[in-house]
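Visitor: These are the residues of each chain, in order.
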Amino acid sequence: MLVVLIGFFAGIIGGMGIGGGTILIPSLIFFLGTKQHTAQSVNLISFIPTAFVAILIHLRHKSVEKRLVLKLILLGVIGAALGSFIAVSLNAQLLKKVFAGFLFIMGLYEIFSKKNIKKKRG
Amino acid sequence: MKNSKCQTKLLLIGFVTGLINGLFGSGGGTVLVPCLVFLMDVEDHKAHATAIAIILPLSILSSIIYYRYNVVDISLTAKVAIGSILGGIVGSMVLNKLSVNVLRKFFGAVMIIAAVRMVL
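From first to last, the protein sequence lines stand for chains A and B.
The first sequence begins at 1 in our numbering and counts up one residue at a time.
The second sequence begins at 1 in our numbering and counts up one residue at a time.
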């Protein structure tokens, strides 16, 4: 039940556009003792069904910039494969430390970013 | 000339997004959305939608690699997924009723505390 609840709160934060995954992963580690690699895989996989539904809705509203998608995915796939292979080849302690560095920077970013200043015209 | 510069930028942004998302199992959107808005001049709501379309296939690929290395816990993932789908609906409903900027700073602080705890 605690697991579903953690997912629920991370989902709320994610749904508001604040990095839900970056909150979910440390929550799983602290509250459930989940291993670093597994916690990361939980976030990767649980994103898939939600994203599928979101994409269908966004495509209907024509909000997806299709001309950009293919080009971004092209090297994105190579980056994703490389990043994942690095992650699975690091031991849990080291990956946890690298992740902590990333989390720290993300935290600073959330605090200091001024997302509402640059509003684009419709 | 501007166009070819733009193409290089796109390829690079894609690569970095994939790398971060694969390495940390998260953060692809946090990197990609501001890149699209500030570097590629995409409107905010379109940037979010476009980011999901890009990160979805990247996450599928990364998930397969994590799965092959036996670090996946299906039952844990299913429970989290149920919670986060419901939470995602609630989150997008309350989005306009709350001051997201204050929350953003609060969760930013939580992330920093968690980061410090993880290395100590």
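Hints are not guaranteed to be accurate.
Calculated pairs, DSSO-like style, for lysine-lysine (alpha carbon to alpha carbon, straight line, at most 30 Å) [as the list claims (entries may be wrong)]:
#	chain 1	residue 1	chain 2	residue 2
1	A	K71	B	K46
2	A	K62	B	K5
3	A	K71	B	K5
4	A	K71	B	K79
5	A	K96	B	K105
6	B	K79	A	K97
7	B	K97	B	K46
Footprint (simulated), chain B over chain A, 3 or more residues, beta carbon under 8 Å [what the hints assert, rightly or not]:
#	region
8	13-22
9	74-86
10	102-108
I should point out that these hints are in silico values taken from the structure, not numbers from a laboratory.
These figures come from a predicted structure and were not determined experimentally.
In this text, a Cβ means the ideal position worked out from N, Cα and C, and glycines have one as well.
Visitor: Now tell me, hint by hint, if it's right for this structure.
Guide: Cross-check of the supplied hints:
For the hint pairing K71(A) with K46(B), the CA-to-CA distance comes to about 16 Å; that is within 30 Å, so the pair holds. Taking the CA atoms of K62(A) and K5(B), the gap is about 26 Å. The hint holds against a cut of 30 Å. With a C-alpha separation of about 13 Å, the suggested pair K71(A) and K5(B) falls inside the 30 Å cut-off, and the hint holds. For the given pair, K71(A) sits about 34 Å from K79(B) by alpha-carbon distance, which is inconsistent with the 30 Å threshold.
Our distance criterion of 30 Å between C-alpha atoms is met by K96(A) and K105(B), whose separation comes to about 23 Å. Between the alpha carbons of K79(B) and K97(A) the distance comes to roughly 26 Å, so the proposed pair stays at or under 30 Å and holds. For the hint linking K97(B) to K46(B), the alpha-carbon distance of about 21 Å falls within 30 Å, and the restraint holds. Counting residues of the region 13-22 of chain A whose beta-carbon sits less than 8 Å from any beta-carbon of chain B gives 10, enough to reach three: the coverage restraint holds.
Counting residues of the region 74-86 of chain A whose CB lies closer than 8 Å to any CB of chain B gives 13, so the stated coverage by that chain holds, three being the minimum. Restraint check on the region 102-108 of chain A versus chain B: 6 residues with Cβ-Cβ distances below 8 Å, three needed, restraint holds.
Hint 4 from the list above is the single one not met by this structure.
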